[in-house]
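Below are the chains, spelled out letter by letter.
There are 2 protein chains.
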Amino acid sequence: MDCKKFTEEQIAHIKETVGDAKAINALSGGVDSSTVTVLGHQALGKQLKTVFVDNDLMREGEPQRIVKIFADMDIPVDLVDARQEFLSALAGLTDPEEKRQAVTDTFYSKVFVRLVKESGAKFLLHGTILTDIEETVAGIKRQHNILAQIGIDTEDAYGYSVIEPLKTLRKDDVREVAKTLGLPAELSQRIPFPGPALATRIVGEVTAEKLETVRTATAIVEEELCDSGAFQYMAVLLTDRATGIRNNKREFGQIIVVRCIESVDARTATVTPLSWDKLNRICQRITKIKGVNRCLYDLTPKPPATIEYV
Amino acid sequence: MDCKKFTEEQIAHIKETVGDAKAINALSGGVDSSTVTVLGHQALGKQLKTVFVDNDLMREGEPQRIVKIFADMDIPVDLVDARQEFLSALAGLTDPEEKRQAVTDTFYSKVFVRLVKESGAKFLLHGTILTDIEETVAGIKRQHNILAQIGIDTEDAYGYSVIEPLKTLRKDDVREVAKTLGLPAELSQRIPFPGPALATRIVGEVTAEKLETVRTATAIVEEELCDSGAFQYMAVLLTDRATGIRNNKREFGQIIVVRCIESVDARTATVTPLSWDKLNRICQRITKIKGVNRCLYDLTPKPPATIEYV
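Residue numbers (my numbering), protein chains in the order written: chain Z, 2 to 311; chain H, 2 to 311.
Read the hints as simulated data drawn from the structure, not as lab findings. Do not take every clue at face value.
Treat identical chains as interchangeable: a pair holds within one or across any two.
Said to hold, decoys possible - Calculated pairs, DSS-like style, for lysine-lysine (alpha carbon to alpha carbon, straight line, at most 25 Å):
1. K5 <-> K180
2. K168 <-> K250
3. K303 <-> K289
4. K168 <-> K303
5. K111 <-> K123
6. K291 <-> K303
7. K303 <-> K250
8. K6 <-> K111
9. K123 <-> K23
10. K118 <-> K16
11. K123 <-> K47
12. K289 <-> K279
13. K47 <-> K5
Small disclaimer: the values here were computed from a predicted structure and weren't measured.
Chain Z extracted, bound-state conformation (with noise of 0.2 Å):
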């Protein structure tokens, strides 16, 4: 594709659609929000506020990081601090959809709209993807950012009216584009992340206690295998546990899986054949994490599998 006339085009678009009314987006630091803030901003400059929303479920230090990359960038994200509003919001939840539904609700119902309201923004800027049209439509999985597809009037529901600048490109197609318009490697190239984050790398109820968990068993394998080229690489805590000795005493531990695959664009994905010296030294990390006593590396593909557990 050609990425320069698509930028020209969609700043273009953005620019005519919102006129002289404000807009607002949210900055998560994946490269699809990433993409559409620097869009975003060389479309409407002040017009535009960016919000990042810390709400727990982030990995080791992010929120401070990205606003950080983004204030290189002279461009000014605000962080909203929400940790208590969504751990109440996933407090005794297991089923995975009630799980997406509970943090897409918490963000949208509660969190954005009072920013959106405080804002006086009509036009939200959004970094829908295709393969997440593609696979809230099919069923296979409730994407967080997936609202007008579904038939939810944002308008009606929120306030706001839908900008989605990246909605017919797949992730490939993403990364391209964010390196046009100058997004550092670190985010241009950043792994996928979802959007409810955490929440969806915990099998089970989230609570405070497993997602500092999950955070510390992430930021290990992230550092392990960033250099392992990778499509997408992370840590999964399941509820499930097994039996170990530390200490020469039974422990009932935790189990974590770490999961590694190749894929274009998500909607195929195989599992990295990582050198055993890599696996054993993962593992070996792995389960020096409190209370964590196994380290397993998922096999399957997509199909059958989704890269994802939640």
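The hints should help you fit chain H onto chain Z, whose structure is shown.
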């Protein structure tokens, strides 16, 4: 060790201890109980009654196959159907120790005590090995067959005395003794399989449906890895479920863990670095089992994990 001397000593010891009384032993088909069965028959002939209790926790076709092998060695084995008793005892239990306890209690306090009474036996020949005793005493795992060592007086509790000819041996020594006794390689070299059998291969509650799933997975793993030279290999069914795609629709499927380890004596173990061809093939077959959409490979050595999950 001198296997010939060991077997002669044990045969003499069993003869002397039992005298003119009757003895009984339970055969599971594992190398320990198979070795004890042959030792016992060489010492006692028709004074020894050998039973095989079908607890519904066995592998595909196992009860019939084991009885046949011993019939071919002129050792008669009574096949006892106790499947319903074990399933009822396990219903609703999720804690590993409670599950092991339920299998132990059903076996000793219900099924076996009845068989002992019917047989008139005063002595039980038991396949306990040194590692079983050490792990139980250390509190790592309650082995199903440890009684005296944790203070249970079997004569008081069950009406018989226990003879444990293998209690000074580890697994590698038992295999040598089995070979010396002329047991076929299928038994002498058989990979370890725990007493509570497939109940330890299901994390969480044991049901007839889950047993069917893990039995199928176990057959696949054993078929694929029987020529791997590994010490032990297994399939474990988790309670956790994960999202997947089947026929283009979302599916919330079951997860099978494959574990394959290298060990000499089961006290410590390392993970077998299987080839990716083999891992992919196992995954492909496992995810064709009805309801299963993930296959994971356990990367964890012992310690910090145990070999089994339950």
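Structure-based check of all given hints:
| no. | hint | in the structure |
| --- | --- | --- |
| 1 | K5 <-> K180 | within (10 Å within a copy, 75 Å between copies) |
| 2 | K168 <-> K250 | between (54 Å within a copy, 22 Å between copies) |
| 3 | K303 <-> K289 | between (30 Å within a copy, 14 Å between copies) |
| 4 | K168 <-> K303 | within (22 Å within a copy, 49 Å between copies) |
| 5 | K111 <-> K123 | within (17 Å within a copy, 73 Å between copies) |
| 6 | K291 <-> K303 | between (31 Å within a copy, 17 Å between copies) |
| 7 | K303 <-> K250 | between (39 Å within a copy, 12 Å between copies) |
| 8 | K6 <-> K111 | neither (37 Å within a copy, 79 Å between copies) |
| 9 | K123 <-> K23 | within (6 Å within a copy, 90 Å between copies) |
| 10 | K118 <-> K16 | within (21 Å within a copy, 90 Å between copies) |
| 11 | K123 <-> K47 | within (14 Å within a copy, 91 Å between copies) |
| 12 | K289 <-> K279 | within (16 Å within a copy, 29 Å between copies) |
| 13 | K47 <-> K5 | within (23 Å within a copy, 90 Å between copies) |
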